[in-house]
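Engineer: Each chain, letter by letter, is given below.
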Amino acid sequence: MSPLLSVENLRISFPSRQGPVEVVRGVSFTLGRERLGIVGESGSGKSQTGRAILGLTPVSGKATADRLEFDGIDLRNATPAKWRSLRGARMSMVMQDPKFSLNPVMTIGKQLMEAVKLHGGASEARDKSVAMLEAVQIRDPGRVMAAYPHELSGGMGQRAMIAMMLVTEPDLLIADEPTSALDVTVQIEVLRILDRLVSERGMGLIFISHDLELVSTFCDRVLVMYAGRVVEELDAAKMNEAKHPYTRGLLGCLPKIVGDVRPLPVLARDAAWLE
Amino acid sequence: MTDITIQSEGRASALPGWIIKFGKLASTVAVTLFGLLLVTFLIGRVVPVDPVLSVVGDRASPSTYDRVYLELGLDRPLYEQFYLYAKKAVTGDFGESLLTKKPIISDIARAFPATLELATVGIIIGTLLGIPAGVWAAVRQGRLIDQLVRIFGLVGYSAPIFWLGLMGLLLFYAKWGLVAGPGRIDISYEYAFTSKTGLMLLDTAMQGQWAAFRNVVSHIALPGALLGYLSMAYIARMTRSFMLNELAQEYIVTARVKGVAEWRIIWVHALRNAAVPLVTVIALSYAHLLEGSVLTETVFAWPGLGQYLTNSLQNADMNAVLGSTLLIGMVFVGLNILSDLLYTLLDPRVRSRL
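Chains as they are written, first to last, in my numbering: chain U, 1 to 275; chain P, 1 to 354.
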């Protein structure tokens, strides 16, 4: 069986005064109906990788790849109409902060139903939306449907966002730091909901984060990115077998509560990692 | 653990929110109008025009002069004079015009509709063209169409309006005869209908005088288009920058992820958000046009408020000047309230702060 998504030699560059700058430099991976984590620091290209899969590279940027295939569809020369039929319906994305990623002047209900209606389902849009809000454990869906984004807390907003992205039952979900903007206590709750929905539906998930520990507990496989490249690919269960010094350095930076009194080591960067 | 947290910042209060809002609004209006009265009153006292002389003339006898001086209440303390002034102003009594020998209020009632009609035509043209032009420029930022809109706009607010007006008259009226010349209507149509609202477009249309209506349209076309161009330049520029700001927001990416069509992203998602600050821009442009565009009204011999005000000023007709100033101030206050209300309607975040 062919994988849900295969990416080969993905490169993304942005123009600058010193000529084009490559922010993603030859990323390759395949994804089945599993949970893949992409970890990396700010500017490592993880978010741009996620956006390129959805064809959402900013207009100033340029994305190329030897292969970018979703369920047998070549995404490299997809027409805008093709993109529209894929986005929302078959692949979607949860973004970082619901404060900015929800339209402030539209009610949650309207935004949810828009997603349903776009992909054929106008008649049962309302019922589907309410059911989806229940699925993300919102107790009073009627009230949330009528609420504006600013009337919801961060955790509620992110659950509404997840509902909006899953209501069309896509095959692939990209979660771009979905919990970074939330309080720690709420983070786990939102992750649990996301986890349950993704495994229930047997979807493919790309979980983008800078939190190595979070990703290793949450995903099946982890890609570690550094300066636009994948430096290491690991089985999430075998994080301690990491070979690359960058990954090892990151793991070494994690503080432990018990029996750890040494000063936290600082990551010593090596220019060779850039190659 | 799955509580709905609906934020509420309102204080506990026995009164419903809208009453409080209305009370605040009413007091703001009252204070503003009081300030306006005070300022106009003080201007009336400060200018070196003797109000008595302007009534009795230069050659009046000293006894007449004294009588009028007492009649006008100029012997009383200033606060009492202000009280009398305010009392009269509230009932719409600004005295008589020196020029027309008619009550100021009836002069204004005649001049203001002409300005209102012209400004309204102008703002409608400006909005209908300015918003699409601004949106278009924002969507094609940096491309040819963006540059064209910006240059067109730049000319709009940097070219002197009297020059544009004269050029317009020269080409469209004198040379090509496409539109009628200065004035609101040709004299042959002036008595074809009775003036009810003072807005000739409305009056002629309501009375079915279509020949007169066409004549009015042909008169208002050029000055209306000119004012429309001016407000369009401003509205398009502001729309462009508001749209650029909105199009860079994350919720636009969300809409794209959902598979929303590009036209819907622009005209529904982004413009609906940009509309909030645009309301203020349009209201202010309208207020600006309503002040009476002195130069436009002069070039087009338009018997509006701007022309009335200029004439009164040049003839030291202080009562008329003060009356018109008060009216313009009230128009400003009114439009500000209107844009506040629209703002509240358009932005749920403001609404919940009531």
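Bear in mind the hints are in silico, worked out from the structure with no lab data behind them.
Fair warning: there could be bad hints in the mix.
With a straight-line cut-off of 30 Å between C-alpha atoms, the simulated BS3-like cross-links for lysine-lysine are [as the list claims (entries may be wrong)]:
| no. | chain 1 | residue 1 | chain 2 | residue 2 |
| --- | --- | --- | --- | --- |
| 1 | P | 101 | P | 24 |
| 2 | U | 82 | U | 110 |
| 3 | U | 238 | U | 256 |
| 4 | P | 21 | U | 99 |
| 5 | P | 21 | U | 110 |
| 6 | P | 21 | P | 101 |
Covered stretches of chain P (chain U as the covering partner; in silico rule of three or more C-beta atoms under 8 Å from a C-beta of chain U) [claimed, not checked]:
| no. | region |
| --- | --- |
| 7 | 15–29 |
| 8 | 251–258 |
| 9 | 343–352 |
DEER-style ranges, computed between Cβ atoms [claimed, not checked]:
| no. | chain 1 | residue 1 | chain 2 | residue 2 | range |
| --- | --- | --- | --- | --- | --- |
| 10 | U | 41 | P | 24 | 47 to 53 Å |
| 11 | P | 345 | U | 238 | 44 to 50 Å |
| 12 | U | 72 | P | 345 | 44 to 50 Å |
| 13 | U | 43 | P | 15 | 50 to 56 Å |
| 14 | P | 150 | U | 80 | 51 to 57 Å |
| 15 | P | 280 | U | 41 | 40 to 46 Å |
| 16 | U | 122 | P | 30 | 49 to 55 Å |
Here a beta-carbon is modelled for each residue, glycine too, at the ideal position from N, C-alpha and C.
Engineer: All hints are to be evaluated individually against the structure, with a verdict given for each.
Structural biologist: Hints versus structure:
1. The suggested pairing of residue 101(P) with residue 24(P) is violated, with an alpha-carbon distance near 40 Å, which exceeds 30 Å.
2. Taking the CA atoms of residue 82(U) and residue 110(U), the gap is near 24 Å; set against the 30 Å cutoff, the hint holds.
3. A hinted pair counts as satisfied when its Cα atoms are at most 30 Å apart, and residue 238(U) with residue 256(U) qualifies at roughly 19 Å.
4. Proximity of residue 21(P) to residue 99(U) is assessed by CA-CA distance (about 27 Å); at most 30 Å being required, the pair is judged to hold.
5. Of the supplied pair hints, the one linking residue 21(P) and residue 110(U) holds, its CA atoms being roughly 28 Å apart against a limit of 30 Å.
6. Straight-line distance between C-alpha atoms of residue 21(P) and residue 101(P) comes to about 43 Å, which puts the hinted pair past the 30 Å bound.
7. With a cut-off of 8 Å between beta carbons, the region 15–29 of chain P has 0 residues touching chain U; three or more are needed, and the interface restraint is violated.
8. Evaluation of the coverage hint for the region 251–258 of chain P: fulfilled, as 7 residues show C-beta separations to chain U shorter than 8 Å, against a requirement of three.
9. For the region 343–352 of chain P, the stated coverage by chain U is satisfied: 5 residues place a CB nearer than 8 Å to a CB of that chain, which reaches the threshold of 3.
10. The hint said 47 to 53 Å for the Cβ distance between residue 41(U) and residue 24(P), and at roughly 50 Å that hint holds.
11. Distance hint check for residue 345(P) and residue 238(U): the Cβ-Cβ separation is about 58 Å, which falls outside the suggested range of 44 to 50 Å.
12. Evaluation of the 44 to 50 Å hint for residue 72(U) and residue 345(P) yields a pass: the beta carbon distance comes to about 49 Å.
13. Here the CB-CB span from residue 43(U) to residue 15(P) is close to 53 Å, well matched to the stated 50 to 56 Å.
14. The beta-carbon spacing between residue 150(P) and residue 80(U), approximately 27 Å, falls outside the hinted interval of 51 to 57 Å.
15. At roughly 42 Å, the beta-carbon separation of residue 280(P) and residue 41(U) lies within the given 40 to 46 Å, and the hint holds.
16. Under the hint 49 to 55 Å, the C-beta atoms of residue 122(U) and residue 30(P), about 50 Å apart, fit the expected range.
Comparing the model with each earlier hint shows violations of hints 1, 6, 7, 11 and 14; every other hint is respected.
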